[in-house]
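Chains as they are written, first to last, in my numbering: chain V, 1 to 174; chain G, 1001 to 1384.
Treat the hints as calculated values from the structure; they're not laboratory data. Please read all numbers here as calculations on a predicted model, not as lab measurements. Hints may contain errors.
[Unchecked claim] Example chain G residues on the side facing chain V (calculated, C-beta under 10 Å, incomplete): (1) L1014; (2) Y1051; (3) L1256.
No residue lacks a Cβ here, since even glycine has one placed at the ideal position from N, Cα and C.
The lines below spell out each chain.
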Amino acid sequence: MAEHSYTSRRELDQYGFHPAVTLLVPVVCILLQVVLPKTFPRLAVLDLPLIAVIFFSVARRSQIAGTVTGTLIGLFQDGLTNHPFGVNGIAKGIIGYIAASIGFAVDVENLVNRIALNFCFSLLQSGLLYLIARWLLGDPTVRLLPVHELIRAASNTVVAIPMFYMLDRFRTRE
Amino acid sequence: MDSFFVRFKNPLVLIAIVLAQTIGLAIQVQPSRTSNGPTGPDGKKTSLLRYWTVAVVTPFERVIHGSSLNVRHLWSSYIDLRHAREQSQAAQLEIARLRLEQASFAEDAAQGRRLQALLAFKQQYITSTVAAQVIGTSGADHSGLLYLDKGLDEGLKPGQAVITPDGVVGKLRDVFPHTAQLLLLNDPTSGAGVLLESTRIRGILRGTATGSVQINNLTPDSRIKPGEKVFTSGGDLVYPRGLPVGVIESIAPDPLHQPYTAIVVHPAANLLRLEEVLIITGTSSTMPAAAQQDAAIAGAAAEENKRAADLIAEKLPSLKKEDTDNAKPGDTPKPPDQIGGVPGVPNSGLPRPQPTLHPDRYSPGTTPSAEDLKPGAPATPPQP
Chain V
1 MAEHSYTSRR ELDQYGFHPA VTLLVPVVCI LLQVVLPKTF PRLAVLDLPL IAVIFFSVAR
61 RSQIAGTVTG TLIGLFQDGL TNHPFGVNGI AKGIIGYIAA SIGFAVDVEN LVNRIALNFC
121 FSLLQSGLLY LIARWLLGDP TVRLLPVHEL IRAASNTVVA IPMFYMLDRF RTRE
Chain G
1001 MDSFFVRFKN PLVLIAIVLA QTIGLAIQVQ PSRTSNGPTG PDGKKTSLLR YWTVAVVTPF
1061 ERVIHGSSLN VRHLWSSYID LRHAREQSQA AQLEIARLRL EQASFAEDAA QGRRLQALLA
1121 FKQQYITSTV AAQVIGTSGA DHSGLLYLDK GLDEGLKPGQ AVITPDGVVG KLRDVFPHTA
1181 QLLLLNDPTS GAGVLLESTR IRGILRGTAT GSVQINNLTP DSRIKPGEKV FTSGGDLVYP
1241 RGLPVGVIES IAPDPLHQPY TAIVVHPAAN LLRLEEVLII TGTSSTMPAA AQQDAAIAGA
1301 AAEENKRAAD LIAEKLPSLK KEDTDNAKPG DTPKPPDQIG GVPGVPNSGL PRPQPTLHPD
1361 RYSPGTTPSA EDLKPGAPAT PPQP
C-alpha cells in the first residue's frame, strides 16, 4: 500500500537562506544599481533590488517575510534618491506580499513562470510608483510612459532569469 | 477576535506597514512644501535617516570608483598612447588660436566692464571653486541625483551651484561630512533662472519626468528659434549670471500648461556622463586677481596686435589721391563732381553736370548773359 504524505505544498517547497546571503544579496544589488549607471547610463532602466525582492519572496513563500523584505529594500533605495522615504518602500512591500502569495499557487521553478513573474511584477511596480507619485505625493508632472515601462520590464526579466539560477544555489530547504 | 487577527494576520501586517509608510510620506512632504519646496534639503530627522543610508553605501562606491580610476589611469597613461603626439600638436594649435581669440575679445570685455561700472551694474564673478568627482548615482532613472566625493569638510553647503567647463549641471542638495548629493538640472524637482541669448527673454528651466530639460513658463513667441543659446540669468540667486546652460532643441505647445510652450533645451554639459565637476563656493562683485591679471595680459596682447596691424597698413601702397594729400589741415575735401553744399557735410551739394558731347543752343554755357543781350535782337546761333 502506497504511503500518502499529508504535508502541504508550502511545507514541501519552503526555502530558507543563510543570514549572510539574506543581507549581502540585496546590498550587492543596491550597490550595483547605484554604480553601474555611472559608467553605463542606459542600465539605469534596470531594477536589481526588485529582482532580489521577487526572488526572496517567492522562495520563502511567507507573505510577512516578503512584505518586510520588500519594504526594507525599498526604504534603503529611497534613502539614496531625492524622493521621500516610503515611495519604493510601499511599492516593493506590496510586490513582496503578492510574490509570496503567488509562490503558493504556481511552480516558481519553471522558466516560463519565472519570466512571466518578473515581467508582470516589473510592470506592477511601475504602476504602483506612478500611483504613489500622482496620488500620494500629488505630483501632476509624473507621467506613465508605456513603451519605456515595457522596455524596463523586459530588461529586468532578461537579467532576472540568470540571476535566479545563480541565487538558487544559496537556498536551503527548511 | 483573536481568530480574526490570526486568520488575517498576513494582510493585516501588509496594511499596517503600508499605512505607516503613507503617514510617513505625508509627514515628510508637508514641511518640505511649506518651507524649502520640493527641491530643498530634507528635514533634520529625514536627513539623519538618509545620512545613515548614504553612510552605508558611499564607502563601497568610493572603493569601486577608486579602483576603476586606477585601472583607467594605468590604461590611458601607459598603454593607450596611440596618437598622443598628434593630439599634443592639435592641442598646441588650439591654444594658439584661443590666445588670438582671447586677445580679440579683451577689448570688448574691457569696454563691457567700463559700461557696467558706469551703470552701477552688479556682476557676480566666481572667486572660488572646489573640484569633485562623481562616485555614484541614485540608482533610479527617474531621479537625477549623483553622489560626489566631497562634503562639509571641504566647505560645501546645500544649494551651491555645480558646473563643468561646458556649462551648468545642477546644484547641491544634501551635504554630508564627506559626501554631497548633486541634484541635476534634468531632475523633475530641479529649477534654474535662465536668459535666452539673442532675444534676452527670461524663463525658468525645469527638469521633467522623462529626463529632459524644459522652459515651460513662456508664451509662444516667434522670435524664439531652435539653436538659440541659453544662459543663466542669475535671478535664482543660485547660479551666477551668464553661465552656459544649453541650446534650444525644439519648441512646441505644452499640452499640460496652455497657453505656454514647452521649450526643450539640450544641456551644454553631458548630464549622463559626468566624471568631474566644479562646485562654486564663492562669488564676488569684483573681478578676482587672477582674472584681472589674465585680462591685463589679453589687453596688452590686443594692443600689440593693433599696433602691428597699423605698422603693416603704413607699409602698404597708399590709395589716396594727390589732391587729398596736398590739402591743408582743416580743409574739407570736396568731390570733383559736386557744387556748393555745406562744408564738412558730405553729399550736401548739387551734383556737377557731365560735359556735353554734342553742344547746341540749349547746352549749359552757350546762352549769353542777360547784360549782353539787346531787346529785339535775334539770338545768336551756337558756335561750333
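Verification of the hints:
A least Cβ separation of about 5 Å between L1014(G) and chain V falls short of the 10 Å threshold, and the interface hint therefore holds. Evaluation of the Y1051(G) hint against chain V yields a held restraint, the C-beta minimum of about 9 Å falling below 10 Å. Given hint, L1256(G) at the interface with chain V, holds; its Cβ is 8 Å from that chain's nearest Cβ, closer than 10 Å.
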